[in-house]
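Q: This is what each chain is made of:
There are 6 protein chains.
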Amino acid sequence: MSKPAAKRFPAPAIDQLPDDIRTRLLAVQEKSGFVPNVFLGLAYRPDEFRAFFAYHDALMEKDGGLTKAEREMIVVATSGANQCQYCVVAHGAILRIRARDPHLADQVAINYRKADITPRQKAMLDFALKVSLSAQTVGEVDYAELRAHGFSEDDAWDIGAIAAFFALSNRLANMASMRPNDEFYLMGRLPKSG
Amino acid sequence: MSKPAAKRFPAPAIDQLPDDIRTRLLAVQEKSGFVPNVFLGLAYRPDEFRAFFAYHDALMEKDGGLTKAEREMIVVATSGANQCQYCVVAHGAILRIRARDPHLADQVAINYRKADITPRQKAMLDFALKVSLSAQTVGEVDYAELRAHGFSEDDAWDIGAIAAFFALSNRLANMASMRPNDEFYLMGRLPKSG
Amino acid sequence: MSKPAAKRFPAPAIDQLPDDIRTRLLAVQEKSGFVPNVFLGLAYRPDEFRAFFAYHDALMEKDGGLTKAEREMIVVATSGANQCQYCVVAHGAILRIRARDPHLADQVAINYRKADITPRQKAMLDFALKVSLSAQTVGEVDYAELRAHGFSEDDAWDIGAIAAFFALSNRLANMASMRPNDEFYLMGRLPKSG
Amino acid sequence: MSKPAAKRFPAPAIDQLPDDIRTRLLAVQEKSGFVPNVFLGLAYRPDEFRAFFAYHDALMEKDGGLTKAEREMIVVATSGANQCQYCVVAHGAILRIRARDPHLADQVAINYRKADITPRQKAMLDFALKVSLSAQTVGEVDYAELRAHGFSEDDAWDIGAIAAFFALSNRLANMASMRPNDEFYLMGRLPKSG
Amino acid sequence: MSKPAAKRFPAPAIDQLPDDIRTRLLAVQEKSGFVPNVFLGLAYRPDEFRAFFAYHDALMEKDGGLTKAEREMIVVATSGANQCQYCVVAHGAILRIRARDPHLADQVAINYRKADITPRQKAMLDFALKVSLSAQTVGEVDYAELRAHGFSEDDAWDIGAIAAFFALSNRLANMASMRPNDEFYLMGRLPKSG
Amino acid sequence: MSKPAAKRFPAPAIDQLPDDIRTRLLAVQEKSGFVPNVFLGLAYRPDEFRAFFAYHDALMEKDGGLTKAEREMIVVATSGANQCQYCVVAHGAILRIRARDPHLADQVAINYRKADITPRQKAMLDFALKVSLSAQTVGEVDYAELRAHGFSEDDAWDIGAIAAFFALSNRLANMASMRPNDEFYLMGRLPKSG
Chain A
1 MSKPAAKRFP APAIDQLPDD IRTRLLAVQE KSGFVPNVFL GLAYRPDEFR
51 AFFAYHDALM EKDGGLTKAE REMIVVATSG ANQCQYCVVA HGAILRIRAR
101 DPHLADQVAI NYRKADITPR QKAMLDFALK VSLSAQTVGE VDYAELRAHG
151 FSEDDAWDIG AIAAFFALSN RLANMASMRP NDEFYLMGRL PKSG
Chain B
1 MSKPAAKRFP APAIDQLPDD IRTRLLAVQE KSGFVPNVFL GLAYRPDEFR
51 AFFAYHDALM EKDGGLTKAE REMIVVATSG ANQCQYCVVA HGAILRIRAR
101 DPHLADQVAI NYRKADITPR QKAMLDFALK VSLSAQTVGE VDYAELRAHG
151 FSEDDAWDIG AIAAFFALSN RLANMASMRP NDEFYLMGRL PKSG
Chain C
1 MSKPAAKRFP APAIDQLPDD IRTRLLAVQE KSGFVPNVFL GLAYRPDEFR
51 AFFAYHDALM EKDGGLTKAE REMIVVATSG ANQCQYCVVA HGAILRIRAR
101 DPHLADQVAI NYRKADITPR QKAMLDFALK VSLSAQTVGE VDYAELRAHG
151 FSEDDAWDIG AIAAFFALSN RLANMASMRP NDEFYLMGRL PKSG
Chain D
1 MSKPAAKRFP APAIDQLPDD IRTRLLAVQE KSGFVPNVFL GLAYRPDEFR
51 AFFAYHDALM EKDGGLTKAE REMIVVATSG ANQCQYCVVA HGAILRIRAR
101 DPHLADQVAI NYRKADITPR QKAMLDFALK VSLSAQTVGE VDYAELRAHG
151 FSEDDAWDIG AIAAFFALSN RLANMASMRP NDEFYLMGRL PKSG
Chain E
1 MSKPAAKRFP APAIDQLPDD IRTRLLAVQE KSGFVPNVFL GLAYRPDEFR
51 AFFAYHDALM EKDGGLTKAE REMIVVATSG ANQCQYCVVA HGAILRIRAR
101 DPHLADQVAI NYRKADITPR QKAMLDFALK VSLSAQTVGE VDYAELRAHG
151 FSEDDAWDIG AIAAFFALSN RLANMASMRP NDEFYLMGRL PKSG
Chain F
1 MSKPAAKRFP APAIDQLPDD IRTRLLAVQE KSGFVPNVFL GLAYRPDEFR
51 AFFAYHDALM EKDGGLTKAE REMIVVATSG ANQCQYCVVA HGAILRIRAR
101 DPHLADQVAI NYRKADITPR QKAMLDFALK VSLSAQTVGE VDYAELRAHG
151 FSEDDAWDIG AIAAFFALSN RLANMASMRP NDEFYLMGRL PKSG
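Just so you know, the sequences run in chain order A, B, C, D, E and F.
Sequence positions in the first sequence follow this note's numbering and run 1 to 194.
Sequence positions in the second sequence follow this note's numbering and run 1 to 194.
Sequence positions in the third sequence follow this note's numbering and run 1 to 194.
Sequence positions in the fourth sequence follow this note's numbering and run 1 to 194.
Sequence positions in the fifth sequence follow this note's numbering and run 1 to 194.
Sequence positions in the sixth sequence follow this note's numbering and run 1 to 194.
Please note that the accuracy of each hint is not assured.
So, partial list: chain D residues that the calculated Cβ filter (under 7 Å) puts toward chain E [as the list claims (entries may be wrong)]:
| no. | residue |
| --- | --- |
| 1 | A54 |
| 2 | V131 |
| 3 | A135 |
| 4 | L172 |
The following residues of chain F were derived to be distant from chain E, with all beta-carbon distances above 12 Å [stated by the list, open to error]:
| no. | residue |
| --- | --- |
| 5 | S32 |
| 6 | D47 |
| 7 | D63 |
| 8 | G150 |
Hints are computed from structural coordinates only; laboratory data are not their basis.
Keep in mind that this is a model prediction, so the values were computed, not measured.
Heads up, the beta-carbon is just placed ideally off N, CA and C, and yes, glycines get one too.
Sequences are here, hints too, so could you generate the full structure?
A: See the structure below:
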């Protein structure tokens, strides 16, 4: 792998990582066939790495009022608004796979208002974008809009917290000029890859 | 073709179009295998259609200081900034093909500052984005920066004029909720498709 | 004529222009008494010149749901928002003449919300400004507002397309530092000039 | 005078004004031939009227490093940026007269960067616009730029204070929907009116 | 007093000030125990000083539909939005004292939407912030909202005029890098200091 | 404690919390004399709570090129820009204590450019604010500026990562309308409390 994980802040060699982090990287590699660069980029700071992925998994790896594909839609839409190349390309791939739809991620990343989504998903993304771009103005009227589309209070927290977490993630990736692995670009685009 | 070319403003039936427009559509279809929706969407207004494509071809279908791939990079970068789904997806496909690079378009659409491009191309896109987003502030210092990267006055016009033309195009496509054809999403992404 | 048509990109000498362009310039000169600088500035690129004016005429030189004065109001309001000196001064003159009103253009250029216009014209300019400044957010609610003021679908296209076309025009004029001809400033301001 | 001075907040009848205010209005009327609407609009609040015009005169009616025309250029440029119809039209008239130039005001109101002004005046307006639009970011580098163009510390205060005062004035006029008197539109535009 | 009143534009020595200004400064010092730096900073220009404080007192030192504490809330909220350190710290102190509340000023300065205020006060600040940040868009709908919360036309003027006056004041203080006196930071924060 | 920790999303009763979280809350209460509301507000989601505080401690509770007071300066400056009431009030208190300075927090929250800080700290906050507000534009020139002020690559990561983490934190607090505990407002303001 000749291309670096990020243009700044060198990734440590895998064999010099703490055991728990190396184990996680190897597990991801076994499952996906490659190590996504965010794992290498954040391994620069082991404690932050652990907290980051614990937070990520707490928000993204669960069921509930939002499907896993919908959670990824929030990631892709807010990361597009924040112009985060790593997050749009990597989570765009995951969204294609989870939604079994080869076109949705590109639509949502560029302009979710024009995407082929339901009115309920449009309301979900309206809220997520407001948290992402002007959380200081979020108020009761925004929660009422979510309720009107059938979202529970717990769902509202999920939507907002995912948007908030990727506000962090987008900034880290942009600050480090993290580069999406080449593998992501094509994932989920071909009929059999869904 | 069950999906409409645009969510608003119905596209006329091809057999009811003026001869010259129908001929152009059929030629595109023969060459590409499908009719890009912008041709159908703009056929709603034949005179505007003719002027639009004449303008497009005058800027995009020529050689000179900018390669055709570089012209498409300007389209993709400014269309991303304007959140134009149709233009990013359709011209992203063309950029992949013209640059023979399956990753460049996604990078440029999301954040050209992090894309794998040359400093000269970065300067080109800095100028294009300034014309696209705040042309009222363009001044001599911007032209000097282009010259420092080897661009001629003619090149400067080309860069700015392409950015300006797609300021028009992005607005039309967003206003009409024009949808990218399904064919574009995968074009230029597979090794043999370049 | 000692002042240049634009501060950048020299205008070609009239006798070196292609025949059709020279003929159009002479016709304009005969009708208006002078050649507006946009004709000279764009003659730098004959093919773009032809497409530009064909597009312009297709949108501006016709009747329909919008009067010609209303079409110019859209030009002046959006050009003011884009800080385009050439377009505000030149089309301000045309608006004064077409509306037979010496004050309207200045009002609309600075703040159309405070201008002496009808609620219907205010809705027209709200839509035009939204297309000009944030077309990515245009949606059904905006079209519904137009319908509520009696505009047809065709009118909606006209309003949006004029705003989109002058998004192009404003950027070209700012990029080239095109200067309004001195003649425009006073046109339509005196009682007899209407 | 059938048109109101402002669309909101009724102007008191002249004969019911406090003596000092009525006297000032009559003096202005005698000198100008009409009473500018800002005098009527602010007479709604006599104490604020007195303070407003005392402040105005302290900044605008004096000589020093800036000519009176240059002071008006600051007013027109910042009022254009704040989309204040009353201030642009009324002070545009005064600028035309003081600069003996029929074109300058329209240029400065729309885009001072493209106006026919000196580099020193451009630096003056750069500083004024920064105070008007983002005073929180003004710093030593901005003062250094003024000094490099020959402005004294006193001049710097004048430029900034005029911009600051019209930040107030623009907001009052927009809030009250104050309308420019018809007389202003043509003032200073004809050869003999200078 | 070793710290200067402002980082730019030296304050004159008190004994060299005009009599009326020195008298006012001494009166403030007697009442407050110190001379707020805005008095020293503006004394650089005696005529502007007089107009400034006359305007200030006309808006702030009166009763009516708004309490004096509410007037200060407008100052603190708009000064926070304009990032004016002097105005937030100094008027924050006055707000704490006038409202007999040690927490309100910090809440309002940072995000009034989350402050412990009434819906009527929230509407008041919505209007004030709109005048402060985008007065060009203020319209009848905004006045209707004020009326719905029981504000009179006179109250509306007060709210808007205070916001407009501090648009001026914030810009002056930022331009001069005026520093809040140390005394302000603690005023009104202790139980007995109210 | 009659006031809720946040206006939305009820905090669980302390005795119903998981053991590790309850233990942490009690430890904080013992040390500080009260439980900061962020602990109660985030306890709504135990897994997110654990990740949040692990991340927080990894960034804030360490020495290195940045002092702990400087780390808090980054929090307060970026939280002010994001209008986060909880973070500005709570971390303002911590900053006052860590810097042993009763005035610094208010200055930095409102406008760090005017605060009594060193040029090195100003550069640190310039970078932090850029990551917070437009991370997509961060580039080599920004890192060079940090280096010129003596910051190492590790320091750069710290500055950016703290800004990024509080981009998350600010959004959560605003989304939940988290309220600062009354205790924070006065902490570190009195001579003996430092």
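Q: Now tell me if each hint is right for this structure.
A: Here's how the hints hold up against the structure:
1. A54: With Cβ-Cβ at 4 Å, under 7 Å, it holds.
2. V131: Cβ of D/V131 sits 5 Å from chain E, so the hint holds.
3. A135: Hint holds; D/A135 Cβ to chain E Cβ min 4 Å, cut 7 Å.
4. L172: holds (5 Å)
5. S32: Non-interface label on F/S32 holds, nearest chain E Cβ at 18 Å vs cutoff 12 Å.
6. D47: Given that every Cβ of chain E is farther than 12 Å from that of F/D47, nearest at about 26 Å, it holds.
7. D63: The claim stands: F/D63 keeps its Cβ more than 12 Å from every Cβ of chain E (closest is about 29 Å).
8. G150: Given that every Cβ of chain E is farther than 12 Å from that of F/G150, nearest at about 24 Å, it holds.
Violated hints: none; the structure is consistent with every hint.
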